[in-house]
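**Student:** Top to bottom, those sequences are chains A and B.
Mapping to the UniProt record's numbering: the first sequence position 144 is 144, numbers consecutive.
Mapping to the UniProt record's numbering: the second sequence position 270 is 270, numbers consecutive.
If you are wondering where the hints come from, they were derived from the structure by calculation, not from laboratory data.
Hints are not guaranteed to be accurate.
[Unchecked claim] Cβ-Cβ distance ranges computed for the label pairs, FRET-style:
1) D478(B) with P402(A): 16 to 24 Å
2) A95(B) with E333(A): 53 to 61 Å
3) S101(B) with A258(A): 42 to 50 Å
4) A95(B) with E191(A): 29 to 37 Å
5) G323(A) with D478(B): 42 to 50 Å
6) K477(A) with D236(B): 39 to 47 Å
7) A42(B) with G44(A): 25 to 33 Å
8) Q76(B) with P112(A): 20 to 28 Å
9) H358(B) with A42(A): 30 to 38 Å
10) D474(A) with A293(B): 33 to 41 Å
Please read these numbers as outputs of a predicted model, since none were measured by experiment.
The beta carbon of each residue, even a glycine, is placed where N, CA and C say it ideally should be.
Number of protein chains: 2
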Amino acid sequence: MDATEDTTQDTHQDTHQDTTRADLDAVLAAAHAAARPLARTAPGERADALEAVARALEGARADLVALAAEETHLPQARLEGELTRTVFQARLFAAGLRDGSLLPTRVDHADPDWGMGPRPDLRRTVVPIGPVLVFAASNFPFAFSVFGGDSVSALAAGCPVVVKAHPGHPRLSLATARQVTAALAAVGLPEGAFALIEGVEASKTALTDRRVRAAGFTGSVHGGRALFDLAVSRPDPIPFHGELGSVNPVVVTPAAWAERGADVATGWVGSLTLGAGQFCTNPGVVLVPDVDAFTSAVELPVPGPMLHPGIVEGFGAATSDLGSQPGVRTAVEGAAGPDGVAAQVFAVSAADVVANPHLLELEAFGPAGLVVGYSGEDELRDVLDVLPGQLTGTVQAGADDPLAAEVAALLAEHVGRVVWNDWPTGVTVSAAQQHGGPWPATTTPTTTSVGTAAITRWQRPVAFQGFPATALPDELKDRTP
Amino acid sequence: MDATEDTTQDTHQDTHQDTTRADLDAVLAAAHAAARPLARTAPGERADALEAVARALEGARADLVALAAEETHLPQARLEGELTRTVFQARLFAAGLRDGSLLPTRVDHADPDWGMGPRPDLRRTVVPIGPVLVFAASNFPFAFSVFGGDSVSALAAGCPVVVKAHPGHPRLSLATARQVTAALAAVGLPEGAFALIEGVEASKTALTDRRVRAAGFTGSVHGGRALFDLAVSRPDPIPFHGELGSVNPVVVTPAAWAERGADVATGWVGSLTLGAGQFCTNPGVVLVPDVDAFTSAVELPVPGPMLHPGIVEGFGAATSDLGSQPGVRTAVEGAAGPDGVAAQVFAVSAADVVANPHLLELEAFGPAGLVVGYSGEDELRDVLDVLPGQLTGTVQAGADDPLAAEVAALLAEHVGRVVWNDWPTGVTVSAAQQHGGPWPATTTPTTTSVGTAAITRWQRPVAFQGFPATALPDELKDRTP
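With the rest of the complex left out, here is chain A (with noise of 0.2 Å):
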């Protein structure tokens, strides 16, 4: 998976298809309107419903991936293999659902020895947390968009969605609402359940409207950082779950180095190039013992097409930051791809970094690499020592390496996966998954945006008092042994 870091989401135009404020409106209410029927919906009628928009995005397959590659370029193997990947979320989430795993309850019975004082019967369960505004990614046509992680973890909570189409791929976005609304109708869920709207200006107006009560975003730090303080500076600030930026650090350890350079090297160009760069896990930069040797085993590939021009636009201007920092040099250029986008690979030393840690957040969102040469353990922890939050760090270790340990605690510290002798790239869904990390991240450090934890961040706990069991929720009440 891996998210777009797309600069253009907020500023993108394409106003002939704007949603009207009338058709908000109507949206929004719908959406309110559905929040109470969906949430006493049983966790059975959700997974029916996930299942039921899996089995229809799975039935019309070839005309899905067929429009999402004509409006994003990317290669048809991948986009197959995206849309098996959000199908098989949808399932995983539906498993969930049935198992009880995604729907946690803690029941504490009355104690009247309770240490401080008699206890009541007490017992918690998890409520949806109201009506979810979705803003969609443009590098993941189907996993973080209209029927992605951030849709299908809201609806698995019992909230419904309104997503805001990513205009990068307008007329897919279409498609798969029109196949996400006809199967939740088909399974009976309310009407409001989910909702695509388009344009700027409609999405803004959502983020700030009383009745939605919570936004996911996959975007980039500039257009997550404006909608969040939207979302904050609400008179009823709402959670704002923002997946932003990252350059996603790899520490190759001089062990690992001396071992296996020249594969390193390769495995790196081929995560940071992959797709044409644009994930939002991809391995920007790279610290390595010895930046010439390095950066001389580095061969970059041609760059398949980008997603769309404003990308090639943001890619161009990145790189030209980057490549004028202080003591920053290009070290590697390699031939452009039909856009006119070459794979660049630049350099400097550790201590510029350190001296100018703002350079860890120049994210340059394609195929572009940051080498950083350090001279000893001592100027590897310095460096550490400066990182701003990631999604990911990666060790690349020796076989027996003690350094590469130390390095992946001190990792640990600022990211939310850490990667040992493997790529960041390719994020796979499963309970353990940890997509997040301190800001510039994400907005939220506690949560992560992908794998089945996603849902607590549209579960809000509550806890019933002295209940009798008739008015209970049915997961409080004790079972029959």
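Since chain A is already given, all that's left is putting chain B on it; use the hints.
**Tutor:** For chain B alone, coordinates are given in the frame of chain A:
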């Protein structure tokens, strides 16, 4: 427990004791320096530390309670009970650290057949979020102050804690902090693990300092909102967990009224005026089928002394505001206590509340309540529909009362804890507790500030991918069978 709604929290001046810029910088530097060693303590070491503080506070019980009584005017028995609660709470977190229940992990072994493609070995644990700034409350000088729930849960998570003392009990704060600091040092925790600061300006500076990574607050909507705004407007926004206002509505169903109306009225007055009404779970609003009959059954006690003059002043302003709202009339007024404060009960119709839902946000921190008369089930539902977020909601039900179950379900849409045939004051500390709710009850509706689940506010998940056992955190290693 329950926490202060003291509106003076962010305006009170006690300049002679304010922490200086230089001292604050030293405190924050020490907290920052302590973050790594504290994060690396074993859970058992942190449990030892919490228990050491608990023993120290027990050892100093007589002195601390005497100081608290002097500074807060709360009765000795209440303060004794609160200290017991505080010590119990620390031990409960310690127990959760020892048995592992507060440190959730998840292991997904590698799976070549995972439905979206081969899954790497992925294991998730939690790490401390970093130094936490705690704003102490005035109304619980032990349980929500220097070593209250926020401090204990953050230390349990492994976070250094900086507490902003509440000016309502400065000497007690200092005396408590001395006990905490000495006990933590005695068990070998780093010096910066805990510190006390004083003064509004120092706390604002700390809140915007990049070394502070999260904050916990208990107090008024006004004060909490100002601090929330500071926290989220930082260049690097941080989580701000504010427990703010609540009117904690009670619904008396017609059946409950018919069966035991006088008892319900007496119970309500008891909960409303407990501790001079200085509880954030104080049931400030009660919905009844017959206002006149209900208020006739109300007998108001003479309030004891309030916590401090700022609360007396705030109560006067709030009751005056409440009494001047459209349709609101004074129904019962008690005799004045030592501060000149009299308990007051106002009355209003459900129709006037629906026309002016703002009424349900007018919390008067003290012994004042609003009786809302509803003239039928639909009118009752209309009021519940416009209810802002609350910490608690209570239903007083009859013996066979389907409406009560419906009301409980409606309350659950707006509150963190629903109480059945009991009263909301008195909040037990346990695993199932949920003390929180949608805005304006809190700033983070998916979290709790009471109960062991409060620790999750300070825990950041981190996943480890493809790690050899030697480099994994202990808690993620495979157990030998």
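**Student:** Next step is simple, just say for each hint if it's right about the structure.
**Tutor:** Evaluated hints:
no. : hint                             : verdict
1   : D478(B) with P402(A): 16 to 24 Å : 21 Å, holds
2   : A95(B) with E333(A): 53 to 61 Å  : 60 Å, holds
3   : S101(B) with A258(A): 42 to 50 Å : 44 Å, holds
4   : A95(B) with E191(A): 29 to 37 Å  : 49 Å, violated
5   : G323(A) with D478(B): 42 to 50 Å : 46 Å, holds
6   : K477(A) with D236(B): 39 to 47 Å : 45 Å, holds
7   : A42(B) with G44(A): 25 to 33 Å   : 42 Å, violated
8   : Q76(B) with P112(A): 20 to 28 Å  : 24 Å, holds
9   : H358(B) with A42(A): 30 to 38 Å  : 37 Å, holds
10  : D474(A) with A293(B): 33 to 41 Å : 36 Å, holds
Consistency note: the structure conflicts with the earlier hints numbered 4 and 7.
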